[in-house]
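Sequence order for the protein chains is A and B. Following this note's numbering from start to finish, the first sequence increments by one per residue and tops out at 345. Following this note's numbering from start to finish, the second sequence increments by one per residue and tops out at 345.
Derived by calculation from the structure, the hints in this document are not laboratory data. Any given hint might turn out to be false.
Note that identical chains are pooled: a pair holds if it fits in a single copy or bridges any two copies.
Unchecked claim - With a straight-line Cα cutoff of 30 Å, these simulated DSSO-like cross-link-like pairs (lysine-lysine) come out:
#, residue 1, residue 2
1, Lys340, Lys238
2, Lys216, Lys203
3, Lys314, Lys122
4, Lys144, Lys160
5, Lys160, Lys178
6, Lys279, Lys83
7, Lys88, Lys54
8, Lys134, Lys144
9, Lys231, Lys192
10, Lys284, Lys199
11, Lys54, Lys314
12, Lys122, Lys344
13, Lys284, Lys144
14, Lys340, Lys54
15, Lys122, Lys54
16, Lys279, Lys216
There are 2 protein chains.
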Amino acid sequence: MRFELTVLGTSSAIPTKTRNLSAQVLNINEKLFLIDCGDGTQLHLKRSSLKVNRINHIFISHLHGDHFFGLIGLLSSMQLLGREKEMKIFGPPGLDKLIFNQLELTKGGLDFQLNFTELNEHKAEELVNESDFVISSFPVKHRVPCWGFLFREKKLPRNIKKHFAKQHEIPIKMFNKIKNEGADFTDKTGVTHKNEDITTKPPEPRSYAYTADTVYNPEMIQYFQGVDLLYHEATFGEDKIKEAKEKFHSTAKQAAGIARDANVGQLLIGHFSARYKDINPLLTEARSIFPNTIAAEDGMTCKVNRKK
Amino acid sequence: MRFELTVLGTSSAIPTKTRNLSAQVLNINEKLFLIDCGDGTQLHLKRSSLKVNRINHIFISHLHGDHFFGLIGLLSSMQLLGREKEMKIFGPPGLDKLIFNQLELTKGGLDFQLNFTELNEHKAEELVNESDFVISSFPVKHRVPCWGFLFREKKLPRNIKKHFAKQHEIPIKMFNKIKNEGADFTDKTGVTHKNEDITTKPPEPRSYAYTADTVYNPEMIQYFQGVDLLYHEATFGEDKIKEAKEKFHSTAKQAAGIARDANVGQLLIGHFSARYKDINPLLTEARSIFPNTIAAEDGMTCKVNRKK
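Can you build the whole structure from these sequences, using the hints too?
In structure tokens, the structure reads:
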């Protein structure tokens with residue numbers, strides 16, 4: 038099952054010659070989830086290999102323009118392309134008004150429904166629960182209400198060993214009990230086979246967390262402890278640690294501290310201030326604390342790999 | 038004096054892999070004028086060699102998103118970059134409300150003033166009058182109120198021949214009369230020199246017209262008769278002439294007919310429907326009517342040359 042992230046924009050606040058504004062797409066088994074939607078996101082989607090009509094859920098972390106000004110353009114283009122399917126949008130209170138106001142003032146009706154869900158400022162909340170994965174939001178600390186998002190695969194059932202299933206006639210009801218409940222199996226001759234002998238362990242469920250914009254805040258670790266991949270903003274380097282705090286952003290090193298303390302598998306840093314033409318110093322700072330760190334680049338796709 | 042156009046986006050309605058949404062910058066003697074501002078325009082400005090802080094005037098032709106959804110992002114980035122100078126914005130009624138609403142809902146105050154001027158739906162109107170050029174708007178016919186813009190250099194004064202100015206002491210007051218009013222000059226010895234003998238003709242003033250989105254409409258020729266460069270939309274080819282009319286757009290051939298009948302110097306076609314992967318057939322159709330036609334490409338800069 039595919040579980041991979043494509044990063045469309047990695048610049049904070051303003052775009053640069055090489056970095057677009059915040060937007061990412063998580064592909065879970067060919068369902069696409071758009072996370073933030075800075076100005077111009079529809080262009081970068083168009084120029085990627087991602088299929089826009091597979092996006093049915095959009096998550097907006099906060100109401101700073103570099104994270105959502107591209108939403109109205111994307112929705113309008115979806116309308117022009119004949120979209121009929123409902124679009125679920127999860128975002129801060131007021132986002133619905135912003136979008137509907139613009140649609141009204143431009144007389145730009147949509148033929149598909151927009152279904153807005155306001156995020157909860159006080160606690161983590163489940164947003165989407167499908168057969169194979171769950172998506173939730175958690176509050177982070179920024180200058181305005183802001184949320185991170187957590188994407189978790191569900192635990193898969195155990196697999197019955199093929200040669201055992203072939204040798205024995207296992208009733209369907211029993212089949213499910215063995216896979217999902219760890220039941221043992223007694224065959225026709227009265228012999229009982231222990232579950233651990235006749236099944237194999239499924240692969241561990243994978244998980245991805247996106248912190249959006251946040252000041253260094255160990256309190257939020259509870260929400261994504263042990264995830265396989267963590268995207269943590271790293272707007273500044275250690276040279277600007279004071280500015281990071283004042284502006285409710287993080288340094289690369291702080292991001293790495295969070296990754297280490299949350300015991301994540303891999304750290305992806307991004308949302309770099311336009312002042313850093315070369316982000317290698319930030320990467321070096323982060324790796325000094327958490328070696329398995331990579332720096333986000335526009336257009337990169339990375340698989341969410343299971344923690345070793 | 039520089040008088041040149043940079044095209045930032047040439048796709049209609051939705052962006053394609055190679056064409057952005059409508060936006061252009063006219064450079065008149067290092068003053069930059071932004072004409073339309075589709076989603077993502079701030080990125081394309083950033084990636085051009087144009088200096089964003091030299092833009093003090095923005096012209097929005099109509100309230101279809103592909104022509105203005107990038108405006109709020111551009112203004113917000115200008116704020117982040119420390120802009121203090123007033124920005125003059127010329128656009129349809131309601132544009133001010135759209136922008137102020139978004140600034141209010143996102144608590145995104147600006148430290149520079151936005152000065153909105155509503156365009157006149159009934160007649161051409163002068164918008165900007167500076168020492169060396171004049172900018173005006175004219176109504177065109179589209180599904181919603183829509184305007185074109187005309188940029189004209191002012192007529193330059195005649196030049197007094199250098200050797201004559203050296204030979205004779207010409208009082209400043211007389212100097213200006215000779216240059217601007219065609220006055221003759223009587224020298225100290227009482228000899229009168231005819232204006233045409235002592236001056237040379239200045240270069241002809243140049244002009245550029247932008248039609249925005251419009252159905253084929255010969256009535257608008259009055260507004261830009263004889264311009265040096267005309268940008269006329271050519272959303273469709275002749276294969277879609279019916280669709281062009283229904284959607285209040287033009288074909289490339291119709292654009293060329295307007296260019297011919299308006300006796301312009303050069304025609305630049307753009308705003309191509311995303312259905313045309315190759316726009317050469319449209320260019321061929323236009324050239325069959327008006328040979329001096331070029332097709333707009335994203336990022337191209339073309340000098341506005343005087344008509345031959």
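Taking each numbered hint in turn, which are not upheld by the structure, reported in ascending numerical order? 10, 12, 16
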